[in-house]
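Letter by letter, the chains look like this.
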Amino acid sequence: MKFLIALINGLSAGGTYAIIALGYTMVYGIAKMLNFAHGDVIMAGGYMMFVTLTLLGHPLWAVAAAVVFCVVLGIVIERFAYRPLRGASPLAVLITAIGVSSLLQSLAQILFGSATKMPVKLQISGAFKIGSFDIAYSTLITLAVTVVVMAVLTLFVNYSKTGRAMIAVSEDRDAALLMGINTNAIITITFAIGSALAAIAGYLMLCKAPSLSTTLGAMPGIKAFTAAVIGGIGSIPGAMVGGILLGVIESLSYSVPALAPYTDAVEFAILIIVLLVKPSGILGKMRREKV
Amino acid sequence: MDKKAVFNFLKRYLSYIIIAAVALFYTVMSLTGSAKTADLYLLEKIAIAIILAVSLGMVVGFLGELSLGHAGFMCVGAYLGGKVSVILEPVLGNSFPTLLISIIVGGLVAALAGVVIGLPALRLRGDYLAIVTLAFGEIARSLFMNAPEALFGGTTGLKSPRFDKNSLFIVAFAFVLITIAVTQNLLHSKHGRAVTSIRDNEIAARAMGIDVTKYKLLVFMISSFFAGVAGVLFSYSNSRIQSASFDYNYSIEILVMVVLGGIGSINGSIVAATLITFLNVKLQTMLTGDLAVLQNLFYALILIVIVIYKNAPALKTFREKYNFKNFMALFRKKYPIKIRRFSDYGRRKNNQHL
Chain A
1 MKFLIALING
11 LSAGGTYAII
21 ALGYTMVYGI
31 AKMLNFAHGD
41 VIMAGGYMMF
51 VTLTLLGHPL
61 WAVAAAVVFC
71 VVLGIVIERF
81 AYRPLRGASP
91 LAVLITAIGV
101 SSLLQSLAQI
111 LFGSATKMPV
121 KLQISGAFKI
131 GSFDIAYSTL
141 ITLAVTVVVM
151 AVLTLFVNYS
161 KTGRAMIAVS
171 EDRDAALLMG
181 INTNAIITIT
191 FAIGSALAAI
201 AGYLMLCKAP
211 SLSTTLGAMP
221 GIKAFTAAVI
231 GGIGSIPGAM
241 VGGILLGVIE
251 SLSYSVPALA
261 PYTDAVEFAI
271 LIIVLLVKPS
281 GILGKMRREK
291 V
Chain B
1001 MDKKAVFNFL
1011 KRYLSYIIIA
1021 AVALFYTVMS
1031 LTGSAKTADL
1041 YLLEKIAIAI
1051 ILAVSLGMVV
1061 GFLGELSLGH
1071 AGFMCVGAYL
1081 GGKVSVILEP
1091 VLGNSFPTLL
1101 ISIIVGGLVA
1111 ALAGVVIGLP
1121 ALRLRGDYLA
1131 IVTLAFGEIA
1141 RSLFMNAPEA
1151 LFGGTTGLKS
1161 PRFDKNSLFI
1171 VAFAFVLITI
1181 AVTQNLLHSK
1191 HGRAVTSIRD
1201 NEIAARAMGI
1211 DVTKYKLLVF
1221 MISSFFAGVA
1231 GVLFSYSNSR
1241 IQSASFDYNY
1251 SIEILVMVVL
1261 GGIGSINGSI
1271 VAATLITFLN
1281 VKLQTMLTGD
1291 LAVLQNLFYA
1301 LILIVIVIYK
1311 NAPALKTFRE
1321 KYNFKNFMAL
1331 FRKKYPIKIR
1341 RFSDYGRRKN
1351 NQHL
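Chains A and B supply the protein sequences, listed in that same order. Numbering-wise, the first sequence is residues 1 to 291 according to the numbering used here. Numbering-wise, the second sequence is residues 1001 to 1354 according to the numbering used here.
Everything labelled a hint here was simulated from the structure, so no lab data went into it. Fair warning: there could be bad hints in the mix.
Each pair of labels, with its calculated beta carbon distance range [stated by the list, open to error]: (1) I167/A with G1126/B: 15 to 21 Å; (2) A1207/B with E171/A: 21 to 27 Å; (3) N1166/B with Q123/A: 35 to 41 Å; (4) I167/A with Q1284/B: 46 to 52 Å; (5) L1100/B with Q123/A: 51 to 57 Å.
Computed, partial: chain A to chain B, Cβ under 7 Å [what the hints assert, rightly or not]: (6) T188; (7) V266; (8) I270.
No residue lacks a Cβ here, since even glycine has one placed at the ideal position from N, Cα and C.
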């Protein structure tokens, strides 16, 4: 039974990771860059929720405001920090992304101070009882949201015109441009979607434990990227699989007393093993490099 | 000697001369007892920062990879080197041999960690090293914090011996010179050219028969070694090692030094490391509490602005008009000497995609 609880908690944590990982993997697939600021967009969304909550008082407004804010933030970041560097060396883009991440964190700290905020109204308490054990409502909500997000995103990418344009851009940007796809617009849309997902992930994290600090998105961001690499970076189903797998591993490792303090190290070891054995990830495709 | 030769000579050896002169000046000062303790402490910090910046600059500038866990390697070196010094102290005393042994042990362990971390990440193309080192930095910290208290002191940190503050900076500066010498000599050797060729075009380098993974790993290992050395010096300078000192922001601070000094320029890294450490110490007293974050904001802006200015394709003409060289040329008289850069290390070509 304990195993089952750990599994369900793992699926729920994994759902959150998967939603964050989707943001990473889509941006990586389409803009070919590692968006280090993604975790901090989550944090920015969290603070937006906090602000709206104190102004308007209803969690639903807070989530809506956070999604809108994150979408705008994502577009602004892409426009002013990343787009000028399109065509420059990957190292330059990477360093800028780190700069943006650091900038968001310090701005949040200047605006809100370093003390942890407690938006308790976001918390969903209570639990669903089955026999002798409970599953928290927040866990169930996370699972439901994850399934819905994944389904909508899969349908959007595979069947809508914009989604198919995204696939085209990720496969070959120049060829997509020649086919009349506005690649700049597609990249902007990708950032917008990724940031909206970040806001949702932020809500899922805060509804479990309403403690908000400037490093809210840092560690989940690293883990979600790990998940994206495990699933195959650039692949959308890969991010889902990787995220859920990582969440389950984390939860199981956490339930073993001997491993509990070293959970982060266990996950990291898995990343190293995946990179050694199958660097393209579980569902990723290895691309041959052509000159 | 013509002007160009003088320039090249200075470019290569000026840093040694200045550093040795500063170290010598303060040695005399501390021997006569007229050096201020705060100044000597600042010198130790500057030396540590230079070692870190030059060694990270090796990875970022010459390998073209990004390491975000430099503080993590420093942490490994500090804890294990510090532990060695704690063990050796009763036997050898708080003496130079203890210091030397712990520095070497700390460096070697950090180098080993570098190999373990670098091997999976450096075989691949792409940004894997950045994410792996980032995760490593966080995890190394938490491992040392969660380790049994008897071993590494847990959250309160490991109490390590403090070396005589009148002479630690001399040792630190000796290691600064060693770091610069190793980096520069490696760079001007056959191996160094192999490394820069990998950075400029990995596929072409591979086609020329260069063992890409081997060279990447070599540079990363040497870089981690010096991070470990800096870690041990840090432990001797602070007399307590706390895992909180080696957080992500510290890695970013080192990266800011490299970027501010100019990616690929050793002398630039040295200047920037000195400047930033100096500013840090001065700002520490001015910015307290929540204001301390202004410093991080400033660093973040430095990263973004400098990288966009240096790399954005749209700013090419702007860059050619308004740059440091042209600014200096305003002060030259009639015939501005056009100096070709000794090597265009910092610059990546735009034909990456070929």
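How the hints compare with the structure:
In this structure the hint that I167/A and G1126/B lie 15 to 21 Å apart at CB holds, the actual value being about 20 Å. A hinted range of 21 to 27 Å for the beta carbons of A1207/B and E171/A is consistent with their spacing of about 25 Å. Taking 35 to 41 Å as the suggested C-beta distance range, the pair N1166/B and Q123/A does not conform, at roughly 57 Å. Between I167/A and Q1284/B the beta carbon distance is about 51 Å. The supplied range of 46 to 52 Å therefore holds.
The beta-carbon spacing between L1100/B and Q123/A, approximately 55 Å, falls within the hinted interval of 51 to 57 Å. Among the interface hints, the one on T188/A is violated; its C-beta lies about 17 Å from the nearest C-beta in chain B, farther than the 7 Å criterion. Of the supplied interface hints, the one on V266/A is violated, with its beta-carbon coming no nearer than about 10 Å to a beta-carbon of chain B, more than 7 Å. With a cut of 7 Å, the hint placing I270/A at the interface with chain B is violated, because the nearest CB-to-CB distance is about 11 Å.
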